[in-house]
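Residue numbers (the working numbering), protein chains in the order written: chain L, 1 to 667; chain G, 1001 to 1378; chain E, 2001 to 2328.
A couple of the hints might just be wrong.
Stated by the list, open to error - As a list, the in silico DSS-like pairs of lysine-lysine whose alpha-carbon atoms are at most 30 Å apart: (1) L:K65 with E:K2188; (2) E:K2143 with E:K2260; (3) E:K2160 with L:K412.
These aren't lab readings, by the way, just hints derived from the structure by calculation.
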Amino acid sequence: MSTTVTRRPSAPPVREEQPRVEEHRPQHTFGRILAVVAVWVVGWAVLRGHQTLSLPGAQLSDFQKWLNGVKNSFDAARETNPAFKIVGGISDGLNWVFLHLQYLFSTPAPGRPVPEVGWVGVLAILVFVAFALAGVRCAVLVLLGTLAFGFLGYWQESIDTLLITLLAVLICVVIGVPIGIWMARSKGARAAITPVLDGMQTMPSFAYLEPLALIFGIGTASAIVLTVIYAVPPLIRITEHGIRGVSEGAVEASRSLGCTSPQLLRKVQLPMARRTIVVGVNQCMMAALAMAIIAAFVSGPGLGVPVMQSLAALDIGGAAVSGGLIVVVAIMLDRTTTAASERAELLARAGRRHVQTRRIVLAVLAVVTVVAIYVSRLRLSAAQFPSSPALQRPVSTFISSVTDTVVNSIEKATTAFANVVSYGLINPLQSVLAASPWWLSALAILALAYVLGGWRPAVTALVCEAVLLGVGLWNDSMITLTSVLVATILVVIVSVVLGVWMGRRRRVDTILRPFLDALQTIPPFVYLVPALALFPPSRFTAIVAALAYGVPIATKLVADGIRGVSPTSVEAAEASGATAWQMIAKVQLPMARAAVVLATNQGLLYVLSMVVIGGLVGGGSLGYFVVAGFSQDQLFGKGLAAGIAITALGIMLDRIARHAAARHGRV
Amino acid sequence: MTQTRTYDDQNDGQKDGQKDGQRGGRNDGAPDGAGESALSVRDLWKIFGARADKVIGTPDADLPRKQLQAKTGCVAAVKDVSFDVRPGEVFVVMGLSGSGKSTLVRLLTRLIEPTAGTVTIGGEDVTKADAGRLRDLRRHHVAMVFQHFGLLPHRTVMDNVGFGLEVRGVAKGERRARAQEMVDLVGLAGNEGSFPDQLSGGMQQRVGLARALAVDPTLMMFDEPFSALDPLIRRDMQNEVIRLHHEVGKTMVFITHDLQEALKLGDRILIMRDGEIVQIGEPAEIVASPADDYVRDFVSDVPRSHVLTLRYVCRRPDGGDPGEGPALQADEVVRDAARQVLAAHGPVRVYDGEDFLGIVDDEDILRVVVAEEEAVGS
Amino acid sequence: MAQRNIRGAGGIRALWLVALTAIAGLVLAGCGGSNIKSTNTASGKSCGQFNIAVNPWVGYEADAYVVGTVAQQKLGCQVSYKNLKEEVSWQGFGSGDVDVVLENWGHPDLVKKYIKGNHTAEDAGPTGNIGVIGWYVPPWLAKAHPDILNWKNLNKYASKFKTSESGGKGQFLDGDPSFVTNDEALVKNLNLNFKVVYAGSETALIQAYRKAEKNHTWVIGYFYAPQWFLSEVPMKKVSLPKYTPGCDSNPAKIACDYPKYNLNKVVATRFAKSKSPAYTLVKNFHWTNDDQNLVAKYIAADHMNPADAAKKWIDANPDKVKAWLQGT
Ligand SMILES: Nc1ncnc2c1ncn2[C@@H]1O[C@H](COP(=O)(O)OP(=O)(O)OP(=O)(O)O)[C@@H](O)[C@H]1O
Ligand SMILES: [Mg+2]
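Please put together the full structure from these sequences, using the hints given.
In structure tokens:
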């Protein structure tokens, strides 16, 4: 899937190759869509409620029962099967490494009341690293962020999150970069691995959390593996992209000088792709942080734990503070890697004298850091973060009360709005999709895929539909599909409105952008409570959560697209006396069409990734089953099946959207 | 004329015996005087596309490129090409865009694998070399200069120039000394520490040149090295190549689509169209007797008096060697000879060494000059 | 270009200055503080590592942190809290990741698999808490329409409970997916004109009830006691056909109320055999619904962190704690 990567404010989206364009007749497309929909609706009106393949929540299809059986035999094999021993060794190793990292930096080491390195030492190390890699500004940012860990009362959890993220990213680099290189150099590898990556990114983690914990044990090892599974695909994709993006000319010239393949890699491709690979590492870090909370479900250490605890107590402020610290960690890592990649080039080019100066500066700072570490090992005040000022309670109380006030004043309106959308849009649409006989919906979707994107996505859709039927979740998939479609439509509407506004007014952009960035990075779990305060538990609330996650990226893409419209065209339109409205409708939007298409595509992927979270707030269907499957032994098979169904839905929608975009997205 | 003219067909009356050994088997009859040829290409084919190897030997192989593509989906980029290059020669390959020049030059060191045929460099059959031999060849014997330079942006000028030596495993000190020498040679002294993107296009190509020279190759290949440069710099660089050729005396295969450049640099020129050879010859020969309309079109705006030599202007007198009057050598260019011929009373005798070739008179000279005026005027 | 990024000589001097000041400051600060003494946790007894599963509801957290804190303070155990859902917790008995689940709600499926099946777990007696699962309505509703507390009258009001999610019937909110409920079967077998709608999480459920009470909207759904939220909004239980032993043996045919649960502790067999003092503590641990509700209130309503809440209760109840420690 192109970029489920993300969560990162300003990264350039790394796009996959666009699919080959087939012949394209836009004027017919609209009519054909209408025709298909008309046939569908007529069929629905006649046959409604028959052969819908709906399956009550607690009931399992044969396939799902089979999955249960597989898991049980898996569980039983734990004692006997030697494969478990090997994997057990791996997880023991991971646990050991992390435990000792913790002893070093975050939890009391054996025989000490405090970690080996106290807070002052940790602070000094972080600031030093940030300075060395990324310069003074970043160092200041890291300093403030790290202090926030302590003053907001989550020192240990924050450091744990930082450690586990870094460890997971390190593993990702060790695994991902070679695989990326391999994919860049071998077509076969690429063809074989790409779908696996798609699956890793779209399959909801909850669906395989339980077997994962079974294999790697409860705790750190599982959390790391979980994080790696989700975070390594973007790194692999971007590495591959970077290596393949190295200029043909340089490669050919090097070959003409007699480079061996390893020489080519080491001396040409890797150095030239380095910046791109660093972007990959950055994306990998952001994806890893996105797992911080889910990792808490297998008792992974870090900030996920307080977020979940606050959630259980419906403590909005508490969740916001601990979730906000995840954002702080994200910002620290993001800015440092970004600045590091930009500076590396400059430093490499700086003259001898500058290199020497820099060495002296770093040496001095290193001495300071070492002293700080030393002191923090000796003195309690430098080892334990001071307990005052304790800002956690005041800050979280403040956030809670502000949220309460806001909720109280708009709750009636929002509830009414939820009802309007539910009755007016979701219910009718869901009825057509889910209450039609399954074969009718299946055929109609195939037809739409064909009309929109040609035969390739139609074939993909056929395969995906077969999967939906095979896992026994047709009806629920259609219900989820409804929510996903509605959410995507809303994402597009909102992001076009906001994006146009931002694109046309610098000031609006300056004000809105930080909010969008924050909304995109904050763990969705944090805003579930306020969302539930505003709306009843329902599919609509799930859609709202998806909106909160999907709108920022889509809006930014649209805004950038609008700003990218050539000034001469705007000037020309102005000169011919276009009104603001005409300008938007006739010049800016049409010319930014490619950006809007991309925004739609990305919005769709983001919405899909929220299906499971939606299940937690009343979204029902697939999302709920995934969560339930994780929680109830006998529903495991159903949960995994639902996870597979979500992946299938995702791949189907993504392919249709991509092919449709390739056909119609050109200006 | 649609049929491909091979080298031999037009080679009558040439001054050298290069034609020997052009056809049939390699090295039967070494080129005269010049010893072993530096590069020898026989029946070389490159067909792009799936099942490309199935085309050669079938009637399809004789189809024009477009039809072949329509029928099989394969593109014949280089079709049955044979030629030899003498040591120390500057051999120019030219043709319109898409005629297969770049493909051809890449086949020579197997940057692109040939579909069929043989390439012999310095007596070694490149097409049979294994990976190690091939790498050796590229490291020591052949170097290439590219249209888009192909420099490594993360390395300084110095490190770019020394790159060939580095991959060869030359020690750092020696490498730097040699690189410095090359940097000086191409006139980049003072820019050793710059990065490619800090240099102008012309300077970048000098780096490319220095990099190729650094490995001290016996054969240098240039793929349109100057077409990305603006005209003034291009002229500079051409002169640079001429100078270097004088100084280091390498054999060069030079690709261009610019006839002026070809005439200026080339000892001999190969003209390609749609992957096939149309004509091979010295500049003057090509201008004097274009093999077909394609070539004629090519050379139509060339100032003929600058290129044609007396060899191509002289005619047999009715009564053999008149035995008197001024005499000139056959490879004198018309422009240079014009003054003497016009100043002389009566025809001037033209000799190729000791052999009498014919006579030229004012009218012959004027015919060349006036035809040129007309061509330019029209 | 490059120059811009690198400080000039003046900058260097400034940096030295900053560095020296920092060193001086740190040294001073270091001297001012007290020295770190290495701790000696070995207090004679060998407790070692003690892994407590923490299931995701506040009442459980109360149990876990109270037991954990006692184990740490009084027995010198290395306590580690594992935040897990039930299913995964039980899975952890076998692998050694989990020693104890402190509040178990029946879970016959897990009992069958892990206690009777592979014998990785065993019962460690009741906690003293009585668990009540059932159908609840908000207090205002119970007051305005007292007859709603009898299931027989539910159909009368079904249309009032209609929402956009319930497809024309009354909405019955089911909760956290963790617990296996009988609600779909009950609705069907009691011929109620309701549809079970999955709120998806306990958070969603509580928020829905809170809003319903505040805005006097109609809602009915699954809930349980002891639960800290009941002290904020005392939800009223609807009576269903009385539970008789065995009336719930066939899941599809269930038409009776949930049983009362004597909440119990479950430990890893390996842990029980280890003779760890922590096991004795777990075995002895016993308290009342009120005790748990109090600690849960500290956590949920007063926003104390669980460890502090536990400490507060322990300090106030030395007798109970002492009883738990007998035999350790
Ligand atoms: N990798 C390839 N795959 C398929 N066809 C190719 C490939 N490389 C070249 N060709 C085709 O071979 C023919 C010759 O290309 P080539 O690049 O050798 O031409 P050229 O004479 O160098 O042109 P130019 O002057 O534009 O550089 C062209 O028709 C081109 O489309
Ligand atoms: Mg070319």
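To see whether the hints hold, each was checked on the structure:
no. : hint                 : in the structure
1   : L:K65 with E:K2188   : holds, 23 Å
2   : E:K2143 with E:K2260 : holds, 25 Å
3   : E:K2160 with L:K412  : holds, 18 Å
Taken one by one, the earlier hints all hold for this structure without exception.
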